[in-house]
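Given next are the chains, with one letter for each unit.
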Amino acid sequence: MVQNKTLGSRIFDIVNTIILTILTLSCLYPLWYTFSLSISVKSAANAGLVTFYPIGFSLASYREIMSDIKFFNSFWISIQRVVLGTGLSLIAMIMMAYPLSKSKQEFKARDIFMWIVIFCMLFNGGLIPWYLTVKSYHLLDTIWALVLAGGLPVFNVILLMNFFRNLPADIEEAAVIDGAGPWRILFGIVVPCSLPVIATVTLFTGVYHWNEFFNGLILMSDASKYPLQTYIQQLVVSIPSDTTLTPDQYKRLSELSNKSLNAAKVFIAITPVLIVYPFLQKYFVTGIMLGAVKE
Amino acid sequence: MKTKKTGIQKHYYLMMLPGMLWLLLFSIVPMFGIIMAFQDYNPGQGILHSQWIGLENFRYLFQLDDSKQVIINTLIISIGKIVLNLIVPLAFALLLNEVRNLRYKKFVQTVVFIPHFLSWVIMASIVIGIFGYNGVVNTIAGWFGAQPQLFMADSSIFRELLVGTEVWKEFGYNAVIFLAALTSVNPNLYEAAAIDGANRWQSMWHITLPELTPTIVLLGVLSLGNVLNAGFDQVYNLYNPLVYSTADILDTWIYRLGLQNLQFSLATAAGLLKSAVSFILITVSYVLAYKFADYRIF
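Going down the list, the protein sequences come from chains A and B. Note that our numbering has the first sequence beginning at 1, numbered continuously upward. Note that our numbering has the second sequence beginning at 1, numbered continuously upward.
These aren't lab readings, by the way, just hints derived from the structure by calculation. Idealized CB from N, CA, C, for every residue including glycine. Treat each hint with caution, since some may be false.
Below are the EDC-like pairs computed for lysine to aspartate or glutamate, each with C-alpha atoms no more than 20 Å apart in a straight line [unchecked claim]:
1) A:Lys70 - A:Asp178
2) B:Lys10 - A:Glu172
3) A:Lys104 - A:Glu173
4) A:Lys135 - A:Asp222
5) A:Lys70 - A:Glu172
6) A:Lys104 - A:Glu172
7) B:Lys68 - B:Glu56
8) A:Lys251 - B:Asp154
9) B:Lys105 - B:Glu160
10) A:Lys282 - B:Glu56
11) A:Lys108 - A:Glu172
12) B:Lys106 - A:Asp13
13) A:Lys104 - A:Asp170
14) B:Lys10 - A:Glu106
15) A:Lys108 - A:Glu173
16) A:Lys42 - A:Asp68
17) A:Lys102 - A:Asp170
18) A:Lys42 - A:Asp13
19) B:Lys10 - A:Asp111
20) A:Lys102 - A:Asp13
21) B:Lys105 - A:Glu173
Pairwise CB distance ranges, derived in the manner of DEER restraints [unchecked claim]:
22) A:Ile275 - B:Gln63: 25 to 35 Å
23) B:Asn261 - A:Thr142: 51 to 61 Å
24) A:Ser224 - B:Phe279: 33 to 43 Å
25) A:Gln105 - B:Gln63: 52 to 62 Å
26) A:Ile275 - B:Leu21: 31 to 41 Å
27) B:Phe62 - A:Ile275: 44 to 54 Å
28) A:Val176 - B:Leu17: 38 to 48 Å
Given only the sequences and the hints, what does the whole structure look like? Please build it.
Below you can see the structure in the form of structure tokens.
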């Protein structure tokens, strides 16, 4: 390694480490703050005394959640949504990406389909036409609105397609000679060879479905059908969009909330993301880099 | 041989079917709803029987006082985000690149991505916890005798709050591409520079930064498509009527116009303008990226 032992260089190292440590801590702070709030005693939490560490120790909030049917109901809806949404879109995306990865000679309609797919990625009808369409399918208030209405994540289809395209062609040719049909080639050869990109796409889709709150809000008419993020949104961050709101009312609203209980709910909602985070971390760099593939 | 090939074609079509159906139902069918923008849409009469009014909705939109302010807000917030989402991650990547201790480097890299994967609902609850009326900042300021401030209801600083919290949430994620580009810089360049007597600052300035320039340009060009996206999820979860004057953006305005005030046609017209302009910007950015950086997404 290059030698750098001058005084300036050392000062730089120290300052650099301090800056990076502060940045790093600032990214851990959301988790730590929420956790601290959730285990603090209620009076301290609500008075806004919790800043960098818990004040007192109380599991009352978590105990309260245990008997909160609404919370668990929303949690369960989110689980269903993630499983169905990720599963179905994964199958559709893989099946779609494979023919698109073929050349025009191998799949004649490839370019037409590709242009349709790209157009769907770059253009949309806007919120209102989309909402009225979903409504006209009678999907409102069903889990299928949450699973399907967000649409097919086209960008992920392109990630998969680019990956499939760069697989060595001779594996497939060998399989064709052995008499394997396109379905067996896709699920027996292409998919097993593409596990990193499939993992990336699965995680992205799963996190999207877990984190998405807005479709839950507008496609579900009553709170008992909200997914977890929408439930939390309504409880914790939503402010009446009443234009007569005054600063004093705003103050009172923020003093009313049960901070420690809310924080416990938020913390539980973060946990699944933290559990898959090591995997996310492992794969998402690949995912982003694939998005920037150069040919 | 020929029959076999057409046989395979059939299977390819079958494979396309579920995905295309999905796109048809939830992306393409809604596009036809755009005709509502040229009608005085009445839910009772539906799209087929509502009255046609030509460009009246668009004319009316531009007469509204809100629309100008909303466009200004959108542009200020989104351009602020685009610029800082390039500069801050770049600076972070350059600083991280100077770290010698690999374990520490890995630790920093692991942690800074976390906020990206938390939703804006979660992050908003934390931002409110920090900047809210009885939040962390006011509590700490109180130790020094300051009066609590209503940061979240102060329209004069709300845009800065939006840009700042966005950059905080995303800088680690946005640095990934820079960090990946840095790994491919030839280490011989640094050694040669060191032999020539360059200090760390000079080699950062004359080697690392030029090596990153193509990536910076590419990301800058690609972000052009986001000029009208000021971040719905973030704004929706953080704003309130007290800050509408500076924080209301196109997407939140369209949402309130359409789904709260039930002005379906007006909201569709506003949405169409946004989609059309964004479509042009993204297409231009892809063409530019292809021409100058040989970048292709497909």
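Tested hints:
Note on Lys70 (chain A) and Asp178 (chain A): the hinted pairing is violated, with a Cα-Cα distance of about 56 Å set against a maximum of 20 Å. Simply put, Lys10 (chain B) and Glu172 (chain A) have alpha-carbon atoms about 18 Å apart, close enough for the 20 Å limit, and the pair holds. As the CA atoms of Lys104 (chain A) and Glu173 (chain A) are separated by approximately 17 Å, the hinted pair is consistent with the 20 Å bound. At most 20 Å may separate the alpha-carbon atoms for a hinted pair to count; Lys135 (chain A) and Asp222 (chain A) meet this at roughly 15 Å.
Among the hinted pairs, Lys70 (chain A) with Glu172 (chain A) is inconsistent with the structure: their alpha-carbon atoms are about 51 Å apart, more than 20 Å. Note on Lys104 (chain A) and Glu172 (chain A): the hinted pairing holds, with a Cα-Cα distance of about 17 Å set against a maximum of 20 Å. At most 20 Å may separate the alpha-carbon atoms for a hinted pair to count; Lys68 (chain B) and Glu56 (chain B) meet this at roughly 17 Å. Simply put, Lys251 (chain A) and Asp154 (chain B) have alpha-carbon atoms about 12 Å apart, close enough for the 20 Å limit, and the pair holds.
In summary, the hint linking Lys105 (chain B) to Glu160 (chain B) is not supported, as the alpha carbons are separated by about 30 Å, beyond the 20 Å threshold. For the hint pairing Lys282 (chain A) with Glu56 (chain B), the CA-to-CA distance comes to about 53 Å; that exceeds 20 Å, so the pair is violated. This hinted pair checks out: Lys108 (chain A) and Glu172 (chain A) have alpha carbons roughly 19 Å apart, not beyond 20 Å. This hinted pair checks out: Lys106 (chain B) and Asp13 (chain A) have alpha carbons roughly 16 Å apart, not beyond 20 Å.
Distance restraint check for Lys104 (chain A) and Asp170 (chain A): the Cα-Cα separation of roughly 18 Å lies within the 20 Å cut-off, and the hinted pair is therefore satisfied. For the hint linking Lys10 (chain B) to Glu106 (chain A), the alpha-carbon distance of about 12 Å falls within 20 Å, and the restraint holds. The hinted pair formed by Lys108 (chain A) and Glu173 (chain A) meets the criterion: a straight-line CA distance of about 19 Å does not exceed 20 Å. With a C-alpha separation of about 17 Å, the suggested pair Lys42 (chain A) and Asp68 (chain A) falls inside the 20 Å cut-off, and the hint holds.
For the hint linking Lys102 (chain A) to Asp170 (chain A), the alpha-carbon distance of about 14 Å falls within 20 Å, and the restraint holds. A distance of roughly 43 Å separates the Cα atoms of Lys42 (chain A) and Asp13 (chain A); the hinted pair therefore is violated under the 20 Å criterion. For the hint linking Lys10 (chain B) to Asp111 (chain A), the alpha-carbon distance of about 16 Å falls within 20 Å, and the restraint holds. A C-alpha spacing of about 51 Å is found between Lys102 (chain A) and Asp13 (chain A), which places the hinted pair above 20 Å, so the restraint is violated.
With a CA separation close to 44 Å, the supplied pair Lys105 (chain B) and Glu173 (chain A) exceeds the 20 Å bound. At about 52 Å, the CB distance of Ile275 (chain A) to Gln63 (chain B) disagrees with the hint of 25 to 35 Å. At roughly 26 Å, the beta-carbon separation of Asn261 (chain B) and Thr142 (chain A) lies outside the given 51 to 61 Å, and the hint is violated. Remark: the range hint 33 to 43 Å for Ser224 (chain A) to Phe279 (chain B) is upheld by a beta-carbon distance near 38 Å.
Between Gln105 (chain A) and Gln63 (chain B) the beta carbons are some 55 Å apart, a value that agrees with the proposed interval 52 to 62 Å. One distance hint, 31 to 41 Å for the beta-carbon pair Ile275 (chain A) and Leu21 (chain B), holds here, with the actual separation near 33 Å. Taking 44 to 54 Å as the suggested C-beta distance range, the pair Phe62 (chain B) and Ile275 (chain A) conforms, at roughly 49 Å. For Val176 (chain A) and Leu17 (chain B), the hinted distance range of 38 to 48 Å is not satisfied, since their beta carbons lie about 23 Å from each other.
In the structure shown, a violation is registered for the earlier hints numbered 1, 5, 9, 10, 18, 20, 21, 22, 23, 28, in ascending order.
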